[in-house]
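2 protein chains.
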Amino acid sequence: MEHPENSEAYAGLTVNSGVGPVSNINPYLQRNRFVRKQLTVNDYVEGILKGNSAILGQAVTLIESVHPDHQVLAQEVIEKCLPYSGNSVRVGISGVPGAGKSTSIDEFGIHVLKEYGGKLAVLAIDPSSERTKGSILGDKTRMEKLSVHPDSFIRPSPSAGSLGGVARKTRETIVLCEAAGYDKIFVETVGVGQSETACHSMVDFFLLIQLAGTGDELQGIKRGIMEMADGIIINKCDGNNVEKCQLAATHFRNALHLFPPTESGWMPKVLTYSGFYGYGIKEIWDMVYAYVKFVKANGYFEYRRNEQAKYWMYESINNKLRNNFYNNPTIADMLKVAEKSVLNGEKTSFVAAKQLLDAYFALLH
Amino acid sequence: MEHPENSEAYAGLTVNSGVGPVSNINPYLQRNRFVRKQLTVNDYVEGILKGNSAILGQAVTLIESVHPDHQVLAQEVIEKCLPYSGNSVRVGISGVPGAGKSTSIDEFGIHVLKEYGGKLAVLAIDPSSERTKGSILGDKTRMEKLSVHPDSFIRPSPSAGSLGGVARKTRETIVLCEAAGYDKIFVETVGVGQSETACHSMVDFFLLIQLAGTGDELQGIKRGIMEMADGIIINKCDGNNVEKCQLAATHFRNALHLFPPTESGWMPKVLTYSGFYGYGIKEIWDMVYAYVKFVKANGYFEYRRNEQAKYWMYESINNKLRNNFYNNPTIADMLKVAEKSVLNGEKTSFVAAKQLLDAYFALLH
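Heads up: the protein sequence lines correspond to chains D and R, in order.
Counting from 1, one number per residue, gives the positions in the first sequence under my numbering.
Counting from 1, one number per residue, gives the positions in the second sequence under my numbering.
Bound conformation, chain D alone:
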């Protein structure tokens, strides 16, 4: 495999289907040093199926690459890993900045690995991470214990592009992680944007971290997210804060009773814990696994996984249909004018829409 021709090709960045991930090191310098082996589709797939986390990491880099050849290669790798994926529990973990997500995930991860064995992958969806320079999971060291655990794989949110693009990459990464034997997947989101809907559409259980207190602490969380939660957990239930947290839990419990039952038939639960001191963590994961048992028994687990697979197919189609329209330069210009006419009350929204669509389909022919 470590063939001189291949090394040349890589050094010159003349990518072929067997190319490895792009390196930031000057290729000409690299030529006289260690030359990284260039992996084929089969190398990737074999490595992943053997649970080689270095190769898994490289394959994820391939998924995140914007290079068209890398994308083709990535799709082939994903396709071959697909039959080996699916055997995991996927948990979405959301909470505003300051809720103590990193510490919590660190403790949760250590707990589930100790109690249930297996391997854990921690991923993230955060389309804002480019702007904020990787606000979540960007710094692996924030998860002190997990980051050095041999059975964990931590990967920050891909930072390129739109929510759709970022979510897609996370979802594809799940496939590879599962094929590599990671049977526990955490997907972290920040709780302030639309990432939660995307996250909710790829996990089995959606966990919302909250803090006690009304007002300021809650302002960050987006409306509608609470109703997605299968479990609400109130962090920092320690020291002087215990009573306040238990009161908050009661309030959340009462609030959840006003909501109708979830589609799964599961009644969302509210628990308190302390990520810092490690209190109440067992109860949280007993709840998650009780849920998994419950929905596997009533058939909802598989039903939902299927619905999610369909959702992402339709979502990808709809996204692309929209992008093709809105990114058309002629349409983009017309749209500005149309929007003004609508706001001035010169045209109804529907007439403006029709005129734009007629123009678009005429352009396509």
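Any given hint might turn out to be false.
Reference listing, derived: stretches of chain R covered by chain D, where coverage requires no fewer than 3 residues with Cβ under 8 Å from a Cβ of chain D [unchecked claim]: (1) 68-79; (2) 91-99; (3) 168-182; (4) 252-264; (5) 337-344; (6) 349-356.
Not close to chain R: a few residues of chain D, all C-beta gaps over 10 Å, as computed [what the hints assert, rightly or not]: (7) F276; (8) G280; (9) Y289; (10) K310.
Source of the hints: derived by calculation from the structure; they are not laboratory data.
Every residue gets a Cβ at the ideal spot worked out from N, C-alpha and C, and that includes glycine.
Knowing the structure of chain D, use the given hints to seat chain R on it.
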């Protein structure tokens, strides 16, 4: 206007731009009887601007017609009415069947007409009304007082087609009603489907009718709707039920405090009332008008109206882009196969989507 040629044209159903609404009466019989005057665009617009409710009703029938010529005519009428629209308070009223919506709306309508003067139009969005034979507003007589009030205009939900189509017609009807001087618009929905999102996107204030009690009574309401409400009102607060309703109100109030503030800065309120006995109705409408004053002062009222106008333009475009794809017979066939491959784990959702899109755009060229 009442020209023999026109009557002939109408009788033979050779519609032209001056045609009136389709009649169910055999045109050949009709020829020897009273022939309804056929209205031009200007006739419609003039009649509407004069507040002629019979002509308004005919124009709405035109909006609801599936005949392409009627649709062209309707769009011209709407376009000419558009500059005269907007001057109203639009209130969405939602609640599950059994919550007492009809009685409530009847009392609400009589109250606002008496207290605030002006004119009231009551519309509805219910895409299921065809199946259920007009489950809401289908029977005007359910609103005993309003249906005979000279300043009210009651119109059942258009029963044809998809949610998008039905919502569009309701939104267009609002334009005509406002041009006809109706400065209060109620839009009723049943609270069990996606109609609420559509309704929420065309009103200024969203009112949710609830009943006291947990469990059965609440099961009908859809998750996510509660978080849309600007006001929750608990009906049937009379007789032995008063204490229970007040307790329910407290629970809802506590629940709402756990939600973050709304975009408008308004804190949603919870009130109890009795639609049947007419208790607490003044307080509800004091709240609605306090809200209107509040959002007109902080600029949110106009901001939201503009956002809604844009929303409907984008929504119409996205709908049409989707329909054009999914209604393509070749694509529809391919989609069935693709869905199976995705569910069998043979293809990722994203690869399946890409293949379908490539085929679609090739077909369009």
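Now for the hints, and whether the structure bears them out:
1. 68-79: holds (count 3)
2. 91-99: Since 0 is below three, the answer is violated.
3. 168-182: Holds: 4 residues of the stretch 168-182 of chain R have a Cβ under 8 Å from chain D.
4. 252-264: Contact hint for the stretch 252-264 of chain R vs chain D: holds, 9 residues under 8 Å.
5. 337-344: With 4 residues closer than 8 Å to chain D, the stretch 337-344 of chain R meets the three-residue bar; holds.
6. 349-356: Answer holds; 7 residues pass the 8 Å Cβ test.
7. F276: Consistent with the label, D/F276 stays out of reach of chain R, its closest Cβ about 23 Å off (over 10 Å).
8. G280: holds, 20 Å
9. Y289: Given that every Cβ of chain R is farther than 10 Å from that of D/Y289, nearest at about 24 Å, it holds.
10. K310: violated, 6 Å
The structure fails to meet hints 2 and 10 from the earlier list, while all remaining hints are met.
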